[in-house]
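Novice: The primary structure of each chain is shown beneath.
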Amino acid sequence: MSLTRATLVKDLRLEWRSKDAINSMLFFALLVVVIFSFSFDPTAEESRSIAGGLIWVAFLFAAVVALNQTWAREVRNQVLDAYRVSPAPGNSLFLAKATGNFLFVLLLEALMTPLFIVFYNLRALGPAWQLPLVAGLGTWALVVNGTFFAAMSLRTRSREIMLPLLLFPISIPAVLAMVQATTSILTGEYSARFWIVLLAAYDLVFTTGCLLLFDIVLNAE
Amino acid sequence: MKRIFPILGLLTAVFLSYALYLALVVAPTEQTMGDVQRIFYYHVPSAWTAFVLFFINFAASVTYLLRRSAKADIVALVSAEIGVVFCTVVLVTGPIWARPVWGIWWTWDLRLTLTLVLWLIYVSYLVLRKFSTSGQTPQVAAVLAVLGALDVPLVYFSIWFFRTQHPQPVVGGGGSIDPVMLHVLLMNWAAFSCFAALVFWSRYRLETLKREVEETQAVEALLETPRSVR
Numbered sequence: 004m005s006l007t008r009a010t011l012v013k014d015l016r017l018e019w020r021s022k023d024a025i026n027s028m029l030f031f032a033l034l035v036v037v038i039f040s041f042s043f044d045p046t047a048e049e050s051r052s053i054a055g056g057l058i059w060v061a062f063l064f065a066a067v068v069a070l071n072q073t074w075a076r077e078v079r080n081q082v083l084d085a086y087r088v089s090p091a092p093g094n095s096l097f098l099a100k101a102t103g104n105f106l107f108v109l110l111l112e113a114l115m116t117p118l119f120i121v122f123y124n125l126r127a128l129g130p131a132w133q134l135p136l137v138a139g140l141g142t143w144a145l146v147v148n149g150t151f152f153a154a155m156s157l158r159t160r161s162r163e164i165m166l167p168l169l170l171f172p173i174s175i176p177a178v179l180a181m182v183q184a185t186t187s188i189l190t191g192e193y194s195a196r197f198w199i200v201l202l203a204a205y206d207l208v209f210t211t212g213c214l215l216l217f218d219i220v221l222n223a224e
Numbered sequence: 444m445k446r447i448f449p450i451l452g453l454l455t456a457v458f459l460s461y462a463l464y465l466a467l468v469v470a471p472t473e474q475t476m477g478d479v480q481r482i483f484y485y486h487v488p489s490a491w492t493a494f495v496l497f498f499i500n501f502a503a504s505v506t507y508l509l510r511r512s513a514k515a516d517i518v519a520l521v522s523a524e525i526g527v528v529f530c531t532v533v534l535v536t537g538p539i540w541a542r543p544v545w546g547i548w549w550t551w552d553l554r555l556t557l558t559l560v561l562w563l564i565y566v567s568y569l570v571l572r573k574f575s576t577s578g579q580t581p582q583v584a585a586v587l588a589v590l591g592a593l594d595v596p597l598v599y600f601s602i603w604f605f606r607t608q609h610p611q612p613v614v615g616g617g618g619s620i621d622p623v624m625l626h627v628l629l630m631n632w633a634a635f636s637c638f639a640a641l642v643f644w645s646r647y648r649l650e651t652l653k654r655e656v657e658e659t660q661a662v663e664a665l666l667e668t669p670r671s672v673r
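Protein sequences, first through last, are from chains E and V.
For the first sequence, the working numbering assigns the number 4 to the initial residue and increments by one for each residue that follows.
For the second sequence, the working numbering assigns the number 444 to the initial residue and increments by one for each residue that follows.
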């Protein structure tokens with residue numbers, strides 16, 4: 004646990020000083036929002052039913068930008084090899100990286116949500132207090148698998164392109180759940196409860212799976 | 444083994460032709476759908492074969508993670524490859540049938556979506572195998588196969604709920620099936636399974652030989668003694 008905290012604090016400090024990931028993510032998400040906004044140009048009524056999809060597609064693409072940089076820092080000076088030699092469990096490293104990414108993507112979402120509201124004239128007709136819950140569970144769903152597959156794609160040629168190819172097919176149920184939950188809260192037409200439960204189940208299954216299998220990926224020779 | 448292979452190949456070809464004859468001539472024409480229904484004898488057996496192969500892939504991947512045997516890895520690779528081929532057949536024949544019968548090429552129905560997502564996962568599995576550096580491929584691929592299998596029930600429940608909320612287009616089938624049709628279907632499935640097993644076996648042999656050659660070459664390159672060249 005102390006290793007998790009140490010790695011997490013180190014990553015946050017590095018990110019605070021460089022702001023590499025958050026800047027590129029923010030600008031990328033901004034571009035997606037602007038391009039979507041003028042390519043669809045929806046009315047308030049329409050935007051309520053499509054915004055759930057647009058928001059999450061924008062965050063998904065932006066998250067990939069950050070996730071791709073997760074392990075780059077550790078590879079550069081063979082830090083990852085040092086981790087493998089050390090007696091520290093691989094899981095705590097994974098947990099730190101996933102938490103770091105989770106915080107970055109949450110920050111991105113907090114900054115981008117006002118922009119979405121402005122560009123698409125959004126106002127939730129359903130219970131808005133559920134939105135942070137959906138955001139938290141959904142972001143963890145993307146980030147836990149994303150961090151895992153980013154570590155996996157270190158083992159491949161053309162790393163950057165591998166991550167979305169691995170992440171997107173597996174994330175289909177999570178993305179569907181996030182989009183449907185958000186849409187149902189925005190339109191207020193039906194309850195989002197099933198989707199929130201599904202997201203929680205998804206998080207539980209894949210967090211467990213990733214923690215069990217991470218050592219194999221870390222130590223793959 | 445070399446002598447058995449052509450015989451088995453010939454037998455499979457005869458069986459497949461017989462199954463084709465059954466599907467096109469012997470099976471009765473469906474009342475409402477007409478001849479287009481006959482695609483069913485290719486569509487359904489391909490789907491069953493693909494799902495069996497994907498299951499073999501999952502079992503082999505788990506075996507690999509537990510035992511680290513190279514054979515399990517080859518089985519996983521080969522079953523995923525052939526499974527993707529059969530799954531592609533399913534995804535191509537499905538819309539051809541759906542267009543005249545349902546009036547649409549595609550719908551986000553439970554089975555359709557599940558098949559498509561499975562296809563996507565296994566294509567990404569094959570892409571990963573293609574792009575990863577050789578020594579690590581088996582482990583990384585087996586991990587992906589296990590995670591992909593974990594995804595299947597979640598996809599199932601999400602689509603199930605997604606589609607029970609919205610009205611479905613007309614879904615054909617269900618209920619009773621003519622015994623002759625069932626017989627033809629099962630014969631076709633048997634023929635397809637034989638074909639899949641034959642391809643599986645030859646692909647397995649090929650992959651084993653390929654790895655042996657690579658190993659020998661690596662050893663020879665290491666030794667570099669004049670005696671290795673006769």
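Treat the hints as calculated values from the structure; they're not laboratory data.
Idealized CB from N, CA, C, for every residue including glycine.
Misleading hints may appear alongside valid ones.
To be verified - If we take Cβ atoms under 7 angstroms as the criterion, some of the chain E residues that face chain V in the derived model are: (1) Arg-158; (2) Pro-167; (3) Leu-169; (4) Pro-176; (5) Ile-219; (6) Val-220; (7) Leu-221.
Novice: Going through the earlier hints one by one, which of them does the structure break, listed in rising order?
Specialist: 2, 7
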